[in-house]
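A.B. asks: Use the sequences and the hints to build the structure in full.
There are 2 protein chains.
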Amino acid sequence: MKVYIKGGYQTKFGELWDKSLEDLIFESVKFALKDANFDIKNVEVIYIGNMLASQIYNQNHLNSLVSEIFNINIPIIRVESACASGSVAVNQAYTVLKSNLYKNALVIGVEKMTDIPSKKISKFLMSAASSSERLSGITFAGLYALIASKYFSDYKITSRQLADVSIKNHFHASLNEKSQFPFKITLDKYNNSPIIASPLNLFDCSPISDGACTILLSSEKQKNSVEIVASKVATDSISLDKRENICEFKSTKIAALNSFKEAGIERKDVDLLEVHDCFTIAEIIALEDLGFYKKGEGYRSSKEKDSYYYGKLPVNTSGGLKACGHPIAATGVKQVLELFNQINGRSGKRQVKNAKVGLAQNIGGTGGTAVVNILKK
Amino acid sequence: MKVYIKGGYQTKFGELWDKSLEDLIFESVKFALKDANFDIKNVEVIYIGNMLASQIYNQNHLNSLVSEIFNINIPIIRVESACASGSVAVNQAYTVLKSNLYKNALVIGVEKMTDIPSKKISKFLMSAASSSERLSGITFAGLYALIASKYFSDYKITSRQLADVSIKNHFHASLNEKSQFPFKITLDKYNNSPIIASPLNLFDCSPISDGACTILLSSEKQKNSVEIVASKVATDSISLDKRENICEFKSTKIAALNSFKEAGIERKDVDLLEVHDCFTIAEIIALEDLGFYKKGEGYRSSKEKDSYYYGKLPVNTSGGLKACGHPIAATGVKQVLELFNQINGRSGKRQVKNAKVGLAQNIGGTGGTAVVNILKK
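Just so you know, the protein sequences line up as chains H and Z, in that order.
In terms of this note's numbering, the first sequence is residues -9 to 367.
In terms of this note's numbering, the second sequence is residues -9 to 367.
One or more hints might be untrue.
[Unchecked claim] Derived DEER-like restraints, expressed as beta-carbon distance ranges:
1) H:Leu136 - Z:Phe173: 49 to 55 Å
2) H:Ser188 - Z:Glu167: 28 to 34 Å
3) Z:Glu167 - H:Asp231: 52 to 58 Å
4) Z:Glu210 - H:Lys93: 24 to 30 Å
5) Z:Asn32 - H:Arg150: 33 to 39 Å
6) Z:Asp144 - H:Lys93: 36 to 42 Å
7) Z:Ser112 - H:Ser108: 24 to 30 Å
8) H:Asn235 - Z:Glu210: 34 to 40 Å
9) H:Lys285 - Z:Glu5: 49 to 55 Å
[Unchecked claim] According to the in silico footprint, chain H covers these stretches of chain Z (three or more CB under 8 Å from chain H):
10) 39 to 50
11) 58 to 72
12) 81 to 87
13) 117 to 124
14) 233 to 247
15) 258 to 268
[Said to hold, decoys possible] Once the Cα atoms are required to be at most 20 Å apart in a straight line, the calculated EDC-like pairs of lysine to aspartate or glutamate come out as:
16) Z:Lys88 - H:Glu294
17) Z:Lys251 - H:Glu58
18) Z:Lys243 - H:Asp13
19) H:Lys88 - Z:Glu34
20) H:Lys243 - Z:Glu58
21) H:Lys251 - Z:Glu34
22) H:Lys88 - Z:Asp259
23) Z:Lys243 - H:Glu58
Source of the hints: derived by calculation from the structure; they are not laboratory data.
Idealized CB from N, CA, C, for every residue including glycine.
C.D. replies: So, in structure tokens, the structure goes:
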């Protein structure tokens, strides 16, 4: 049984103070179905990824909320896996379609984060980390700053190489009207931005965002359908101090290995990537963990402009988490939609030429969860 | 592809102040694997159901926590669907085994609720309800009190009939050493207990509990294996005021209809039930929604002692949510384990004679989610 994406829709990402969680769900589902030319009455199962509505709004039970919004009684399942919640939802929908129990599945990723003070959000984001990490008082930027510091020490890169990643992702976002920060940045701007957690500055960090993204998966093909040829989840310890090496994510390596095996393709067949750049250092590590660059050389992707939409292996043409925005559970779905749009040649100014195979990598926490989804025309 | 339960384990339910969330996960998984005579290294995928760790402990990303506890890197998925989280986890594991992508799946349901003041828990429980219900200031007991009041008015029963349900469930719990309240109650005790939300009194309400339950599902049969012959999820509006009739749960009716169809069995084939008695009125409604009693006659089940372990159709031999306890996401898994144990003839003093087919019904919120699982030897 093959699984195809039939269509999808991403809301604008950003500080959307005039839109509620429900509004974002409604908008993304409505237009995703329109894009796929599909009636909600024919959807057989829905997966909804969301991380923080429980903490921010005291709202659990989102599957029932979706039932109410669309007046439907089908199975709806909420999954949560920190920042990987969206692609875990994609993975689960893919898996049940493979089972042949359903023919059509909707996947919603949604997060509404900007209604409360950012200090509270910083606290809630630490729910992706371990209790010992929370008790230490460290923030998520702090955890990734530890990773960056160790990486700088081991592989002799500096913030100059992180800047290349940020500048590239902002460049792509400037070509994406759905992005939270649709503007370019200069090296000067990067260098003069405030430190968040040394060595990471403001432009190394993805923002707090609102947004939703929905895609329709189906075991039936139609015009513009793109096949999901692999989808794999892997896990690792929730605490950074339980890892042998904090400069790589074992979960990404396992998910990548398993998904390449499932897809039956090689790295050289891949035309473009969406990877998890919650912090710039994470993009460099992802490129290495996925096997596209040797250890310590991931920085070359942006330094040598391979990662630009016109480069040898474009990375994060959406603008990535850094510049497109990071409404947590929407991110994993958006990555897959970006690949779908690129492969269908409808990415406008940032269109990758001859895009046929795309890979998305999304992680939760500091790599406690990793998901790799591979799409192929 | 058939799906079997190979074994399982329930921790004691209750106020377990000396045990953490991690302790409960570890204990239930360790002894479930022992019961199934299975090595964790052979588990291919894990589903973990949990509702409130995000709000109580600021702990999301439980799949990664499980990875750390057992030092494994396999796919682990957290699902949440309010009080139905546990049986949604069972359903999802069942579904992926049906897909033949995996052969063995572990299902964990866990909740740790008694470390914080009950006032806070009351607030967090309302995360299963809609924002308008939360804003109204009503509690979950209040929502079910509305249902009970309407039911009393429509079907001419009184608290006397609710008492029958509570007395029966406490009787069963008195025979279950894992239960939170292993003692019988009298009608006098019921009548003299304080009102929680009129007409519901203390003995109509399930308690706040800690506990975990784990089962191992497999597509391979072994001695003592019991087949899951159907597992269905259905949803409904999250708000009570969006329902046509609050004296029945459409989600249960749909899930029941679909699961009887999937199982290819009739109601008369069913030997025992575990149903969702978060409040006594819910047990009566469940028996009607599942089709075992006519509308308005569900009370007869306990009045006429059909529901006792030695009766015509035993209901909640575990003690139910009321008296076995209700560590939210553990409940749905416990229901299935109770049926598994009964069918294997290992339920001791509360053993149902010739139990071969069992049905479990678990709901989230006020019926916004319903899951029906059917087991057959």
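A.B. asks: Next, verify each hint and record whether it holds.
C.D. replies: How the hints compare with the structure:
1. H:Leu136 - Z:Phe173: 49 to 55 Å: 52 Å, holds
2. H:Ser188 - Z:Glu167: 28 to 34 Å: Once the Cβ atoms are compared, 56 Å apart, the range 28 to 34 Å for Glu167 of chain Z and Ser188 of chain H is violated.
3. Z:Glu167 - H:Asp231: 52 to 58 Å: At roughly 39 Å between Cβ atoms, Asp231 of chain H and Glu167 of chain Z fall outside 52 to 58 Å, so the hint is violated.
4. Z:Glu210 - H:Lys93: 24 to 30 Å: Once the Cβ atoms are compared, 28 Å apart, the range 24 to 30 Å for Lys93 of chain H and Glu210 of chain Z holds.
5. Z:Asn32 - H:Arg150: 33 to 39 Å: Since Asn32 of chain Z and Arg150 of chain H have Cβ atoms about 48 Å apart, the given range 33 to 39 Å is violated.
6. Z:Asp144 - H:Lys93: 36 to 42 Å: Distance hint for Asp144 of chain Z, Lys93 of chain H holds at roughly 40 Å.
7. Z:Ser112 - H:Ser108: 24 to 30 Å: The hint (24 to 30 Å, Cβ to Cβ) holds, given that Ser112 of chain Z and Ser108 of chain H are roughly 29 Å apart.
8. H:Asn235 - Z:Glu210: 34 to 40 Å: Since the Cβ atoms of Asn235 of chain H and Glu210 of chain Z sit about 37 Å apart, the hinted range of 34 to 40 Å holds.
9. H:Lys285 - Z:Glu5: 49 to 55 Å: Taking Cβ atoms as reference, Lys285 of chain H and Glu5 of chain Z lie about 50 Å apart, which means the hint holds.
10. 39 to 50: Contact hint for the stretch 39 to 50 of chain Z vs chain H: holds, 8 residues under 8 Å.
11. 58 to 72: Since three or more residues must qualify, the claim that chain H covers the stretch 58 to 72 of chain Z holds, with 13 doing so at under 8 Å.
12. 81 to 87: It holds: at least three residues are needed, and the stretch 81 to 87 of chain Z offers 4 whose Cβ sits within less than 8 Å of chain H.
13. 117 to 124: holds (count 6)
14. 233 to 247: holds (count 3)
15. 258 to 268: Not satisfied, violated; 0 residues make the cut.
16. Z:Lys88 - H:Glu294: 47 Å, violated
17. Z:Lys251 - H:Glu58: Between Lys251 of chain Z and Glu58 of chain H the Cα gap is close to 25 Å, so the pair fails against 20 Å, i.e. violated.
18. Z:Lys243 - H:Asp13: 29 Å, violated
19. H:Lys88 - Z:Glu34: 17 Å, holds
20. H:Lys243 - Z:Glu58: 17 Å, holds
21. H:Lys251 - Z:Glu34: OK: Lys251 of chain H and Glu34 of chain Z at ~17 Å, within 20 Å.
22. H:Lys88 - Z:Asp259: 32 Å, violated
23. Z:Lys243 - H:Glu58: 17 Å, holds
Hints 2, 3, 5, 15, 16, 17, 18, 22, counting from the list given before, are not met by this structure.
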